[in-house]
Amino acid sequence: MIALAMDAIIAIGLVWLALRTVRGANVFSAIIMFIVFGLIMSLAWARLHAPDLALAEAAIGAGITGALLLVTWRRLQVLEGSVPQVGAETRSLWLTLPTGLAAALLIAGLGWVALSLPAEPATAGELAWQRLPEMGVSNPVTGVLLGFRAYDTLLEMGVLLAAWLGAQVVASEHRPGALPGPAHEEVPLVGALLSLVVPISLLVAVYLLQAGGSAPGGAFQGGAVLAAGGVLLCLTGRLEAADQASLIERVVLILGLAVFSGVGLVMLPLGEPMLAMPGVWAIYLIETALLLSIALTLVLLFAAAPGLRRRL
Amino acid sequence: MMDWLLPLTGIVLLLNLILGMLRVYRGPTAADRMLAALLFGSTTVAVLLVFAEWMDVPALRDVALLFVMLAAIISVAFVGLPESDEGNP
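Here the protein sequences line up with chains X and L, keeping their order. Here the numbering used here is used: the first residue of the first sequence is 1, the next is one more, and so on. Here the numbering used here is used: the first residue of the second sequence is 1, the next is one more, and so on.
This is chain L alone, in the form it adopts within the complex (with noise of 0.2 Å):
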């Protein structure tokens, strides 16, 4: 009976994403897009335990705890930027 509950879990997560997408597009400054990015995966990784759950793959928990760890990567990347480009729209 509650076979609706996680696929409609999944639909809402990933109106979300399309909604940050709109935040990655407009910016303004470069740390925007970033942290929308970054917010991205959070929601990537909540996504991907919905799927593992309601697809039956536990193998998408090892995916999820991929994208977790390399999260990591790409805002340290991000924070070696030098300061001078923040305001380049």
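With the rest of the complex left out, here is chain X (with noise of 0.2 Å):
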């Protein structure tokens, strides 16, 4: 009783909240709404026994997604002197009650649907379930995205990559220029902050890497969360942009790639199939490297630059 009471106090929250980020006249509130969102989904995702999510969407959403609006509509006030208003112009009734309407039923038809399946485990998930000893870690989610499903997990590094690539095209044509500077005097807590949290977000990313064998953690939150501690030397002005990416960047960021299919190769010529894993410490070596290339591509897009370098 009490726990359906407080997933209903969750789900209403959750539906709510996204609606004022979406309706929001005010652009600001919309950010802060959003960012609201992204701590109630992390509990959403807590109360379906799902922490690996509930990490994810703390790093991502809450995180790293909340600093990237706060500094574009930065950016865009420095552009433009003021935000646009949106949202005020009324819409009319008879567009906006049909498709209220279909949208419900939707929900509701598919809802029904996930409803009335049954509550089995899938065969895919039974099998990988079964065998997961044999990979040699315990933590299933990460048995799964390198043993059972590593071919979808090497294109994801690839679809980072590319993002960060197309990032690199719109920004040359674009120039989004230096993230503008604070309005106020540096105080004297920033450095103390900055001596204090950078250090403990590379701890904690090593951490979630190391815990990503045997419980929830791994490459994709422990690089976020180091690409945060970068972000906040971003933010306080510690990196500036640089014109062009160095040679250490380069290899970083295309060192998750590489590192994966070049341990993919190795047990091809023994007549196993690609990308089997030659053993535990294979795992290891490609959760870090995908760690580090992860959160150097999100430091680098959150910054909009090529590369980085410290500021004189």
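Keep in mind the hints are simulated off the structure, nothing from the lab. All of these numbers come straight from a predicted model, not from anything done at the bench. In this text, a Cβ means the ideal position worked out from N, Cα and C, and glycines have one as well. Be careful, since some hints might not be right.
[Unchecked claim] Beta-carbon label-pair distances, calculated as ranges: (1) L/V12 to X/W16: 18 to 28 Å; (2) L/V12 to X/P278: 43 to 53 Å; (3) X/V15 to L/S42: 38 to 48 Å; (4) X/P118 to L/P28: 44 to 54 Å; (5) X/I12 to L/D3: 21 to 31 Å.
Put the complex together from the two separate chains, hints included.
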């Protein structure tokens, strides 16, 4: 009973927040609503016994995306002087009513189908679960990501690299320029905060990577946490955009894809299929490479720059 | 006998969140909304810790740890915003 009430509060809160995010006339308030939506969403994942997703939602949804939206808002203001107010125009009732009704029917239909399906584990999941001990990792999510659908994970890294390349093309057309400097003099607290949070982000990233073998965690969450530390350094002006990527940055950007492909080919001459893992060490090697690539890609996407350098 | 205590704590914390949403919704200044959002972060951490104990999912403590760390980023991103907008409703 209490559990049901709790889930109801979370569900209603989510829908209300989503509405306010989309319908809000004030852009800043919509951004805050979106950040809060990320918080409640991770609570929903927690209630669904999916701590992996809660971790990812916390790292990406609430942390980096929130900072990215706030900085975008800041850039808009520097560009235009004021942020345009949206959503003020009235919409025709003839348009909104049927659209809303159709959407509600669609959701109701989907929900009905989902509820009437038998709650049995599917064949693929059952097989993966049975053969998990062969992988050498006890966290089923890591096992599936690197063992049973390694090809998908490899291509996801390709997508991340392609996203960065695409952002570079756009950025070279419309230079967003450097991040606008803080409006205030830097307070002494910023230095103290950085010296505390940045090492902790490194520590937590390594911890999540290591925990990924037996508990929720792994390269994606760890990479996002490490990127959060880098984003913090960008926000406080410790790192600034460079004109082009340095050699180290280029190497780290492709490291994940290269190491993953390389290890995937190792077992090929022995008659094993492509991307067969030679052992647990390979999983940790790949995860480490993925973590570094993901973190750097995210920071560079955040800074909209081809490379970063220390501000002197 | 005490198994209702943890879920009840969770409910009270969630109701706190709902009340906090009103502050985010009404504002009036950007700083009010931001502070309410940061308060949400702390309450979410508390809810996650309660869930971790009640649902027996220890990994949720890691999620709480992450939220504590990431709140710093949001607040720094906000503090860097230009001052002129604080008055904007």
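Right, here's what the structure says about each hint:
no., hint, result
1, L/V12 to X/W16: 18 to 28 Å, "holds (19 Å)"
2, L/V12 to X/P278: 43 to 53 Å, "holds (52 Å)"
3, X/V15 to L/S42: 38 to 48 Å, "violated (24 Å)"
4, X/P118 to L/P28: 44 to 54 Å, "holds (52 Å)"
5, X/I12 to L/D3: 21 to 31 Å, "holds (25 Å)"
Checked against the numbered hints above, the structure violates only hint 3.
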